Amino acid sequence: MMPKVAIIDSGGANIASLLFALERLGTSAVLTTDAEVIRTAERVVLPGVGAAKDAMSRLAETGLIDVIRTLTQPVLGICLGMQLLCDASEEEDVECLGIIPGTARKLPAMIDYPVPNMGWCSTRMTKEHKTLADIENGSYFYYLHSYAVPVSKNTLAIASHADEFAAVIAYQNFIAAQFHPERSSSAGAKLLQNFIGTPQ
Amino acid sequence: MGDIIGLAERYCAEGADELVFYDITASPDGRSVDRSWVSGVAAVLDIPFCVAGGIKSVADAEDVLNKGADKVSINSPALANPTLITELAKRFGTQCVVIGVDSREENGSYSVYQYTGDPDKTKAALRLTVDWVAEVQDRGAGEIVLNCMNQDGVRKGYDTDQLQTVRAICSVPLIASGGAGELQHFRDAFAVAGVDGALAASVFHSAEINIGDLKHYLAEQKINVRI
Numbered sequence: 001m002m003p004k005v006a007i008i009d010s011g012g013a014n015i016a017s018l019l020f021a022l023e024r025l026g027t028s029a030v031l032t033t034d035a036e037v038i039r040t041a042e043r044v045v046l047p048g049v050g051a052a053k054d055a056m057s058r059l060a061e062t063g064l065i066d067v068i069r070t071l072t073q074p075v076l077g078i079c080l081g082m083q084l085l086c087d088a089s090e091e092e093d094v095e096c097l098g099i100i101p102g103t104a105r106k107l108p109a110m111i112d113y114p115v116p117n118m119g120w121c122s123t124r125m126t127k128e129h130k131t132l133a134d135i136e137n138g139s140y141f142y143y144l145h146s147y148a149v150p151v152s153k154n155t156l157a158i159a160s161h162a163d164e165f166a167a168v169i170a171y172q173n174f175i176a177a178q179f180h181p182e183r184s185s186s187a188g189a190k191l192l193q194n195f196i197g198t199p200q
Numbered sequence: 001m002g003d004i005i006g007l008a009e010r011y012c013a014e015g016a017d018e019l020v021f022y023d024i025t026a027s028p029d030g031r032s033v034d035r036s037w038v039s040g041v042a043a044v045l046d047i048p049f050c051v052a053g054g055i056k057s058v059a060d061a062e063d064v065l066n067k068g069a070d071k072v073s074i075n076s077p078a079l080a081n082p083t084l085i086t087e088l089a090k091r092f093g094t095q096c097v098v099i100g101v102d103s104r105e106e107n108g109s110y111s112v113y114q115y116t117g118d119p120d121k122t123k124a125a126l127r128l129t130v131d132w133v134a135e136v137q138d139r140g141a142g143e144i145v146l147n148c149m150n151q152d153g154v155r156k157g158y159d160t161d162q163l164q165t166v167r168a169i170c171s172v173p174l175i176a177s178g179g180a181g182e183l184q185h186f187r188d189a190f191a192v193a194g195v196d197g198a199l200a201a202s203v204f205h206s207a208e209i210n211i212g213d214l215k216h217y218l219a220e221q222k223i224n225v226r227i
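Going down the list, the protein sequences come from chains A and B. In terms of this note's numbering, the first sequence is residues 1 to 200. In terms of this note's numbering, the second sequence is residues 1 to 227.
Because the hints were derived from the structure by calculation, they are not lab data. Computed from a prediction, not measured in an experiment: that's the story for all the values here. Some hints could be false.
Where chain B lies over chain A, by a calculated footprint (3+ residues, C-beta under 8 Å) [what the hints assert, rightly or not]: (1) 18-24; (2) 45-53; (3) 65-73; (4) 96-106; (5) 135-147.
Chain A residues, not near chain B, derived (Cβ > 10 Å throughout) [unchecked claim]: (6) K4; (7) E36; (8) V37; (9) T40; (10) S122; (11) K130; (12) Q172.
The beta carbon of each residue, even a glycine, is placed where N, CA and C say it ideally should be.
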């Protein structure tokens with residue numbers, strides 16, 4: 001049987017925690033760069049830890065840029081994956097996939113707000129979406145990032161680190177979270193569960 | 001192994017925000033950690049965790065991160081080879097790279113120590129703590145765990161003076177380590193020294209302090225915590 005979730009291998013380390021989180025939800029997942037597997041999966045996750053430029057190069061090398069742009073099933077971007085789904089990132093001024101409008105900006109380093117932002121932030125829900133169903137407004141999620149996408153009309157949830165930024169954005173069949181749901185305790189597990197729907 | 005997983009699950013259920021797994025004997029013995037347990041921990045935890053000890057190269061770090069750890073913490077190997085910090089930050093991003101600093105007060109200033117896992121091998125790193133903290137940030141450290149050795153194991157409270165001194169020059173997250181014995185010590189680390197996190201081991205291992213109770217106390221003290 002085909003795994004339910006295809007996780008796009010964008011070259012970053014630390015995919016294991018995502019695989020384990022899906023496993024805990026009883027969902028089969030595969031880490032892949034195979035275009036056919038990605039196109040036919042019921043759900044697709046674009047994770048990412050590391051630098052935007054490296055990840056975009058990796059997607060280009062594996063011929064996945066247009067594959068991702070034309071996906072029609074629900075797609076979830078996580079952390080750097082969220083930034084990759086947007087137009088661009090200020091990190092080394094890299095052009096990204098251009099699916100969700102917006103450009104990732106460097107977080108401003110301020111005395112009480114160290115960068116990277118590493119930790120649990122209370123996250124305010126601003127729009128309803130089935131992926132955020134039954135998640136309490138103000139729930140804490142775990143963030144690990146130096147860049148963030150500004151709040152826009154596609155924003156579903158907002159967090160703040162000196163300035164407000166988009167915690168969750170959605171555009172058509174694409175949804176993306178700046179935090180790591182796989183490391184965000186029960187609130188994160190709920191988000192993944194909502195995204196997956198029925199496990200198999 | 002079973003003990004590690006059981007303990008990890010217990011802390012996670014109590015409400016810990018992050019776990020750090022130390023093999024403090026790894027560096028002095030010149031050996032590395034047996035890393036099969038990292039996957040076991042990653043499979044049960046839904047909170048972030050960091051692995052410290054015996055990570056001497058980019059390949060070591062990659063192994064740990066691929067097994068599901070979120071961060072690696074480097075101490076003695078960073079002192080022996082500071083370019084390791086730069087390489088790790090470049091390869092994995094600064095958010096993966098934690099630098100552990102063992103520091104103690106001497107003649108009115110704070111100095112760095114290395115190989116602190118073994119009393120016979122512990123030695124001064126011949127660096128001032130503030131200089132080293134500045135350097136590791138320049139090299140791409142994403143977080144600093146400051147272990148204040150004067151306080152370590154004595155449970156008289158975190159060294160808020162030293163933490164404040166380092167906080168003033170630290171623009172990445174700073175984690176207090178060494179000295180926690182009572183609830184108020186945690187409050188002081190946040191409210192007085194302004195750290196981003198507080199790390200403790202013995203008071204949690206012995207169950208003298210329950211993490212859930214601690215967080216409720218901190219919330220009452222107007223410290224921003226995830227309950």
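Verification of the supplied hints:
no., hint, verdict
1, 18-24, "holds (count 4)"
2, 45-53, "holds (count 3)"
3, 65-73, "violated (count 0)"
4, 96-106, "violated (count 0)"
5, 135-147, "holds (count 5)"
6, K4, "holds (19 Å)"
7, E36, "holds (25 Å)"
8, V37, "holds (21 Å)"
9, T40, "holds (26 Å)"
10, S122, "violated (8 Å)"
11, K130, "holds (21 Å)"
12, Q172, "holds (29 Å)"
Hints 3, 4 and 10 from the list above are not met by this structure, while the remaining hints are.
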